[in-house]
Amino acid sequence: MSPTADPAQKTIDRMNRYVEKYREKSGTSAHPDASVTEGVVLGLAAHVEQLGRPLCPCNFYPDKQAELDESRRWVCACDEMKQFKYCHCLLFVTPEGLPITEYLPEDHEGRQVYGLVRDPTPDKGREARHQVEASFPV
Amino acid sequence: MAAEFTDGNFQTEVLDSDVPVLVDFWAPWCGPCRMLAPTVDAIAEEYAGRVKVGKVNTDENPQVSTQHGIQSIPTLMVFKGGRVVDRLVGALPKEKITEKLNAQL
Numbered sequence: 102m103s104p105t106a107d108p109a110q111k112t113i114d115r116m117n118r119y120v121e122k123y124r125e126k127s128g129t130s131a132h133p134d135a136s137v138t139e140g141v142v143l144g145l146a147a148h149v150e151q152l153g154r155p156l157c158p159c160n161f162y163p164d165k166q167a168e169l170d171e172s173r174r175w176v177c178a179c180d181e182m183k184q185f186k187y188c189h190c191l192l193f194v195t196p197e198g199l200p201i202t203e204y205l206p207e208d209h210e211g212r213q214v215y216g217l218v219r220d221p222t223p224d225k226g227r228e229a230r231h232q233v234e235a236s237f238p239v
Numbered sequence: 014m015a016a017e018f019t020d021g022n023f024q025t026e027v028l029d030s031d032v033p034v035l036v037d038f039w040a041p042w043c044g045p046c047r048m049l050a051p052t053v054d055a056i057a058e059e060y061a062g063r064v065k066v067g068k069v070n071t072d073e074n075p076q077v078s079t080q081h082g083i084q085s086i087p088t089l090m091v092f093k094g095g096r097v098v099d100r101l102v103g104a105l106p107k108e109k110i111t112e113k114l115n116a117q118l
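Sequence order for the protein chains is E and G. Per the working numbering, the very first residue in the first sequence carries number 102; after that it's consecutive. Per the working numbering, the very first residue in the second sequence carries number 14; after that it's consecutive.
A hint or two may mislead.
Stated by the list, open to error - Covered by chain G, according to a simulated footprint, are these stretches of chain E (three or more residues, beta-carbon under 8 Å):
no., segment
1, 134 to 144
2, 151 to 160
3, 188 to 195
Unchecked claim - Under the rule of at most 25 Å between Cα atoms (straight-line distance), these lysine to any residue pairs were calculated in the SDA-like manner:
no., chain 1, residue 1, chain 2, residue 2
4, E, K165, G, K113
5, G, K107, E, Q213
6, G, K113, E, L199
To be verified - Some but not every residue of chain E turned toward chain G, in silico, with C-beta under 8 Å:
no., residue
7, A147
8, P163
9, E210
10, V214
For the record, the hints were derived by calculation from the structure and aren't laboratory data. None of these values were measured; they are calculated from a predicted model. Where a beta carbon is used, it is the ideal one built from N, C-alpha and C, also for glycine.
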């Protein structure tokens, strides 16, 4: 399959259901520009068909299979989303369409690009926050 | 419109260019890349003759994408005299990009 072959509708539907469910779980919203979500979901669905996992389509991987063999860090929901509630792909954002950057380290590119974006639903998401706290004990 | 840069023409179009070059590393299914595309096209028009502006589809051009250490996309790079002089990541507003370009003119 070529890198840009369109995935099957049933795979797209499956990914849409997954994304909607994870938005509810994490207390995040869809981007106001529907084409952003549409593009990312197509990319995730294509990766499911090509690789068996929803690898984030907003990164470049010299070798996608090698990336998956090495770790699951960019499988949606990625480690950054689970730890920091930050989605640079703009799939899980605030109602205004901004990625949450509140929990990112200050030198992270997300803070540099978007500034400080507060989490409107701090009681939800960040299921892997303990991994960050273990790395940066308070 | 922004030009198309590839593994095949990157050396001549970007590295050997006499003027600064803004390169947008993107992929077809990347949401922020879609948001950034009109901005890059507008910059291409506004800076025509002063800055060369083009795009690299990372899916189709893995060689230059690997060589330049691309990870998160979109990534914008400014080249001058064959060297990377600035690097920006994400769907940035036009002003932030032109600020970096103006510094190279």
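For each hint, the structure was consulted:
{"no.": "1", "hint": "134 to 144", "result": "holds (count 8)"}
{"no.": "2", "hint": "151 to 160", "result": "holds (count 3)"}
{"no.": "3", "hint": "188 to 195", "result": "holds (count 4)"}
{"no.": "4", "hint": "E:K165 / G:K113", "result": "violated, 32 Å"}
{"no.": "5", "hint": "G:K107 / E:Q213", "result": "holds, 15 Å"}
{"no.": "6", "hint": "G:K113 / E:L199", "result": "holds, 23 Å"}
{"no.": "7", "hint": "A147", "result": "holds, 7 Å"}
{"no.": "8", "hint": "P163", "result": "holds, 5 Å"}
{"no.": "9", "hint": "E210", "result": "holds, 5 Å"}
{"no.": "10", "hint": "V214", "result": "holds, 4 Å"}
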